[in-house]
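Please model the entire structure based on the sequences and the hints provided.
So the sequence lines, in the order shown, correspond to chains A and B.
All letters in the first sequence, in the order written, are residues 28 to 301 by the numbering used here.
All letters in the second sequence, in the order written, are residues 28 to 301 by the numbering used here.
Calculated from the structure, these hints are not laboratory results.
We put the CB at the ideal spot given by N, CA and C, even for glycine.
Hints are not guaranteed to be accurate.
[Claimed, not checked] Listed next, with one range per pair, are the computed distances between beta-carbon atoms: (1) B/ALA141 - A/GLY163: 28 to 34 Å; (2) B/ASN275 - A/GLY221: 53 to 59 Å; (3) B/ASP143 - A/LYS178: 27 to 33 Å; (4) A/GLY128 - B/ALA295: 28 to 34 Å; (5) B/ASP143 - A/GLY128: 26 to 32 Å; (6) B/SER274 - A/ALA181: 48 to 54 Å.
Letter by letter, the chains look like this.
Number of protein chains: 2
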Amino acid sequence: MNRAELFEQIQKKQSFLCVGLDADIKKIPEHLLNEEDPIFAFNKEIIDATQDLCVAYKPNTAFYESLGVQGWIALEKTITYIKENYPEQLVIADAKRGDIGNTSAMYARTFFEALDADAVTVAPYMGEDSVSPFLGYANKWVILLALTSNKGSADFQRIENKENAQPLFESVMRTAQTWANEDQLMFVVGATQGKAFEQIRAIAPEHFLLVPGVGAQGGSLQEVCKYGMTKQCGLLVNSSRGIIYKSNGEDFGAAARQAAKELQAEMAQELKKI
Amino acid sequence: MNRAELFEQIQKKQSFLCVGLDADIKKIPEHLLNEEDPIFAFNKEIIDATQDLCVAYKPNTAFYESLGVQGWIALEKTITYIKENYPEQLVIADAKRGDIGNTSAMYARTFFEALDADAVTVAPYMGEDSVSPFLGYANKWVILLALTSNKGSADFQRIENKENAQPLFESVMRTAQTWANEDQLMFVVGATQGKAFEQIRAIAPEHFLLVPGVGAQGGSLQEVCKYGMTKQCGLLVNSSRGIIYKSNGEDFGAAARQAAKELQAEMAQELKKI
Chain A
28 MNRAELFEQI QKKQSFLCVG LDADIKKIPE HLLNEEDPIF AFNKEIIDAT QDLCVAYKPN
88 TAFYESLGVQ GWIALEKTIT YIKENYPEQL VIADAKRGDI GNTSAMYART FFEALDADAV
148 TVAPYMGEDS VSPFLGYANK WVILLALTSN KGSADFQRIE NKENAQPLFE SVMRTAQTWA
208 NEDQLMFVVG ATQGKAFEQI RAIAPEHFLL VPGVGAQGGS LQEVCKYGMT KQCGLLVNSS
268 RGIIYKSNGE DFGAAARQAA KELQAEMAQE LKKI
Chain B
28 MNRAELFEQI QKKQSFLCVG LDADIKKIPE HLLNEEDPIF AFNKEIIDAT QDLCVAYKPN
88 TAFYESLGVQ GWIALEKTIT YIKENYPEQL VIADAKRGDI GNTSAMYART FFEALDADAV
148 TVAPYMGEDS VSPFLGYANK WVILLALTSN KGSADFQRIE NKENAQPLFE SVMRTAQTWA
208 NEDQLMFVVG ATQGKAFEQI RAIAPEHFLL VPGVGAQGGS LQEVCKYGMT KQCGLLVNSS
268 RGIIYKSNGE DFGAAARQAA KELQAEMAQE LKKI
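Okay, structure coming up:
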């Protein structure tokens, strides 16, 4: 999916919501544990209940890997289910990978070929040759960690350099723009970073930003939009726990839909401003 | 395995070799493709052929993930095989993971509980709460990326800060030492970094360093030892391609053994100096 198609979906659905499929076997409703594949059953119901309210799904690989082989089967089935039933959705593998060139090429093969995700999150620490193998695919996206939503983001990402006092996350964003443009590259910026979005937009005026941290982590959608929204929206705002665990009873699908609908309604208001 | 036990193994085997199990289905000997699980068959023969010459095995998860479910099965079988047959070996899951706290906790569960690896490589970009969940396990190791072996390591890891001109990799190493000590924490430092080992030892005099980049990537074992070796060795030098793909015929096990033996002999010479 290219940038124009993504914006088209956002306009059509009046939503820039990404639903985080962080399905944890210890948190999903108990009645699902009798299913043959409880994680897939959970995801399928969440997806069916929210697909018209969001433009992207983001399974975080950690939750699947923790179940070993069964988890990978559930991940594969989940992505295939989305691709077959809702091909207009952007599927983001939240993997935060990155390794030396020949090894990153294997990760790219995994996520873009074997799993057929549309986008993958990548960690920048190892530099260009750890990221570039992911950039060799048409209509696939690299979403590079820039300024993350967690407390630890302050440990290294905000260290200012000697030369021009640029914080590390800015160096990452500027350097990465010499590797690819906004048609292939997005950045992760946490909703908890508030006014930093103004600074981010000075560095990357057009790039889509993947924004986690609304909901359970405490970020404000309004603030993110105020400082981060572009003429083509430029935002994918993720909510995971705030949607998928809204209820742990048999009504979890309806509860997730309700939570997604509330966010989508707020997003529609924000989209009117552009 | 704790630090004293690791040094004991090094002395006993006169080796600080780590064999990188980067088994690529496109590179393993053709005759193995008829096996039920070619990757496991390949690893098993490499392990049996080298186990008395090395102290650690390091499967890089990228190679297994690229095969999807079959790859995870091969990874699980490989680690179980080492644990059951050569329990004196340190098993390093080279995964380079790192995410927000609750997600890193899932990765820790994967690698330390489900797979029972002894160590996992972790990327530092997201800071303390992305690393600390891996530190909650007794006798398990976090191996944090510091100064990697690839060309891209210069992109961000060597950026000097405004305050005291400390490069990023040094900030990572110093900050991480406030989270854990040398009994739980190692660092990745590429063999290609040569004289930087002197600087590294000023920052972390006692920590074990996991050193990739000897062999295919061009690093020198002698230089690494000259600047990086401590009284308790303090080094795990990894070779992957230089050992496991020495031959792609039916003699690949014997060829791998020969390559490992040559490295081990050089290591024995270096160990005499401490």
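Given the hint of 48 to 54 Å, is the C-beta distance from B/SER274 to A/ALA181 inside that range or not?
holds, 50 Å
May I ask you to test the hint 28 to 34 Å on the CB atoms belonging to B/ALA141 and A/GLY163?
holds, 32 Å
Hint check for A/GLY128 and B/ASP143 - Cβ pair distance inside 26 to 32 Å:
holds, 30 Å
Assuming the hint says 53 to 59 Å, is it satisfied by the Cβ distance from B/ASN275 to A/GLY221 or not?
Given range 53 to 59 Å: holds, Cβ gap about 55 Å.
Looking only at beta-carbon atoms, does the pair A/GLY128, B/ALA295 fall within the given range of 28 to 34 Å?
holds, 32 Å
If you check the beta carbons of B/ASP143 and A/LYS178, does the distance land in 27 to 33 Å?
Since the Cβ atoms of B/ASP143 and A/LYS178 sit about 30 Å apart, the hinted range of 27 to 33 Å holds.
Taken one by one, the earlier hints all hold for this structure without exception.
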